[in-house]
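A.B. asks: Once you have looked at the hints, place chains F and H on chain B.
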Amino acid sequence: MNTAPATSAHGYRRWSGQLSRRRWTWLAIFVAGVRLTNRATKVRGLVWMSFMFAVGSCALFYMLARLEILAGSDEASDMYGLINMFLHVDLSGVKQLADFREVLWRSVFLFMFKGELFWVFVVIMRAGPGLIADDLKARALPIYFARPVTPLTYMMGKWMVVAFFIGMVVLVPNLLALIFGTLTTGGLQTFGQTLALAGDLLITGGGVVVFGGAVVLALSSLSSDKRYVMVGWVAFCLLPVMAQAVLFKVLPDETTSGWLGSVSLYRDITVTADWVFGIRAAWESTPLPREVFDRALGRQSTLVYPAVVLLTFTIGSLLICYCRVVRFSRSAANA
Amino acid sequence: MAVIELDRLSKWYGEVIGLNDVTATVDSGITGLIGPNGAGKSTLMGLAMGQLRPSTGSIRLWGKTVWDRPAVLSRVGYCPEGDVFWPEMTGQQFVYFLARASGLRRRAARTAALEAIDLTAMREYMHRPIGTYSKGMRQRIKIAQALAHMPRLLILDEPFTGADPVARHDLAQLFHVLASQGVDILISSHVLHEVEALTKQILMIDHGRIVAEGDLREVRRRMHDRPHAIRVKVDQPRVLASKLIGLPTVTGLKMTAEDTLIIETSAPEKVYDRLPEMLLAGDLLVREIAAADAGLEAVFGYLTGRGAAD
Amino acid sequence: MAEMFTCNGLVKRYGKVCALNSLTLSVDGTVVGLLGPNGAGKSTLISVLLGQTPATSGKAAVLGLDAARRQNLIRRRVGFVPENDCLIPGMTGTGYVCYTGRLAGMSYKDAMQRAHEVLDYVELGEARYRPAEQYSAGMKQRLKLAQALVHDPDLLFLDEPTNGMDPQGRQTMLSLITDLGRAGIRVLLSSHLLPDVDRVCEQVVIMGGGEVLSSGNIDEMKRAHPTLYTVEFVAEGDGEDFRQRLQENNVTIHQRAEGSLGIELPTAEAQCIVLQAARETNIKLRGLHPKQNSLEEAFMAAIARQQNP
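Protein sequence lines correspond, in order, to chains B, F and H.
Under this note's numbering, the first residue of the first sequence is numbered 45, with each subsequent residue one higher.
Under this note's numbering, the first residue of the second sequence is numbered 568, with each subsequent residue one higher.
Under this note's numbering, the first residue of the third sequence is numbered 1280, with each subsequent residue one higher.
Next comes chain B alone, as it looks inside the complex:
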């Protein structure tokens, strides 16, 4: 260029590099989203605090390991009480605890999982609502859809962000606890048991990641104000739980095994998790008397209804979100 640049000292310089052909834009969206969300100290704090579940699991594993040695002694009686308090199983009469190690570990993980669900609820409330709503509010969508970003990659990138944070709460601590517990307390008897347990943990955790991510993403695409999304999420989570509590109070037990027992999404998830972990079958196949574990199993329910409810919500949410994003992408230039 021999003409003098108008304002800049350098003038405009062309760039000769290559744009990547691969569709990895979702990765950029994911990384940027995680960075932005992670900047909020509350989210960061919540994620770090979720490692207390790993610590809790390890503490229980340690206690169980001690009980295997101390079975029947005076020292053990306090620990029996603690285990009973957390897992609702009375092990005081059980000899040869080591034989029941796997089912006990499964109980520990399920117990922690139920706690983590609340944590997931809070983390999603903090990290999820702004994902699409903030872009809508800032009218930032044109910068995505004027580039080689499709509605699907956009959704994928955004979903990965919330999935990352849910995973940090519901997957990572459990897997860490499993590894740590296996290494330090003698662990499960066989490698196969460990692997099966790890698989179950992945399935339940993954399920929560998919379900929670899809729902909050759909909610986030419905409003440009993330406070409304937050309120929507809280209502979505709490109202069914409250409704279920009322239903269980007023209805006789037999009628609550079907749809009416599946109103609470929390219960749906825990029932499904129980099934994935095979906890009922695992206890029932032990030679132990029923009164040892009866309280741990709780109300009997069928799997079909909760699973259908969860699947419907997940698929419905993804569809809603996709339709919304497609609509945004089409009107991006005249937003």
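What the hints contain is simulated information worked out from the structure, not anything from laboratory work.
All residues carry an ideal CB built from backbone N, CA and C; glycine is no exception.
Some clues are possibly wrong.
To be verified - Covered by chain B, according to a simulated footprint, are these stretches of chain H (three or more residues, beta-carbon under 8 Å): (1) 1285-1293; (2) 1304-1311; (3) 1353-1361; (4) 1366-1372; (5) 1379-1385.
C.D. replies: Chains F and H in isolation, oriented as in the chain B frame:
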């Protein structure tokens, strides 16, 4: 007659200065209020509307202090820059509501609102909620609102922003009509061409101070420290340049295009007086003789010290 | 090199509303203005060209690429500056531009390096390390330009890039656009500010009601009237002899005012008549302005033709 008088007027927001010891008068007719962002235009308008209290000094409309005297304001119409209305209200309700708020009785307010809506050509859209309006329509309904109570002074903060060219044209026409009916208008705008097309009377502020006031041509004439530039479009600019270089008052010559010569001079009158004779002597074909930097844009650039327009 | 964009019978309907009504045009040139009142279909056109909205019927091509099928290729070669702020809250200027580069398919290293380069270019100095929501209106506009330039597009779509900016900010933006044109980047500038379009564009397309009302070279559109002039002068008397002298030489006087005359010369080369008349009658000439349609007049005429054909 002076419509707005500023007397040693200052306004601070905490430590931030909005206006700094300003003394000026705004005469009747249309006055363009111009200045860069943050120069103090909105502060001045807020003070004129009695919405802000002067830190020191005074501001008077028709000789009366405005702060704390709402009666004076019943003769002032104000169109703020931002969106300040309720999106679910229709245009008509909005104008009627504010006309009532300005003290008109029900029936009077209804007719006044309709008249103002007609003036701004919004009748077609007045039953639609304001939330569905385009930017230009919003501007027009805001102006209708300012007009409804028949003010004698209109204060318009960036009324053209976001309006499309047709709406801009119509608004400019409307302001001309209003001015011819005796309404005084103080209008701020960033688009200097439009201000220039509306009025030659300007009030220019920068960093909270008045840098120019009055007739634009007069302002330019008073800027002695700036050499004047004359643009001559001629078939052989080099021939003309060779003649001009002999004049002692010519300080610079520049060819900006094949047929354009810019003459820089400290005494433009002398150059103008000599030009016809030089052009005739050289048998040159002239297509334009014009002052190149007497426009608002050039004056603005000089006075705010941020480079002249090209 | 292929045309900036072409449309062939392009129709876009939203329900019953026809946003683009059988648009056929071919636009070439470096800096082109896209004008039209609200609802003229400008945004819809840009949306179709970017492959965001499928056309109801007809074809559109950008830089020779089919807009419906090759949208990813097009978007790699096009930069878009939307009208609205479109900043992502919490991001710094650098982070934002780097991110948009990544979205366009650049590697992180390339994007970061190039982000700094374009931020230098748009003159965002140290501010680039501050969150973008703290920027002034002018800085936000320049940041938006930077995000559109990061992947070095061949074509830029600018939607109202000077809206709401102060004169200085507009000046900077317009200089940048001119400079980009010189660097070989083509620009489609959609704007309501006709003076700005007039300053930087060579060509304009005027749209209205989803149709092209007029398109072509700006100078032709503003078509000077070669014999119509306005003369400004200072006279000691009332200048009557000056007028007489002009009329004796076949100059028609259309309009007279204090110190100025609207005249029509007998031929386009007869300006010397005015000079001679001024010299002979001792009139001090202060200006000789050819009468020219402003872009605004051309625009209003095009709109009026559509409304009363």
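A.B. asks: Please list, smallest to largest, the hint numbers that this structure does not respect.
C.D. replies: 1, 2
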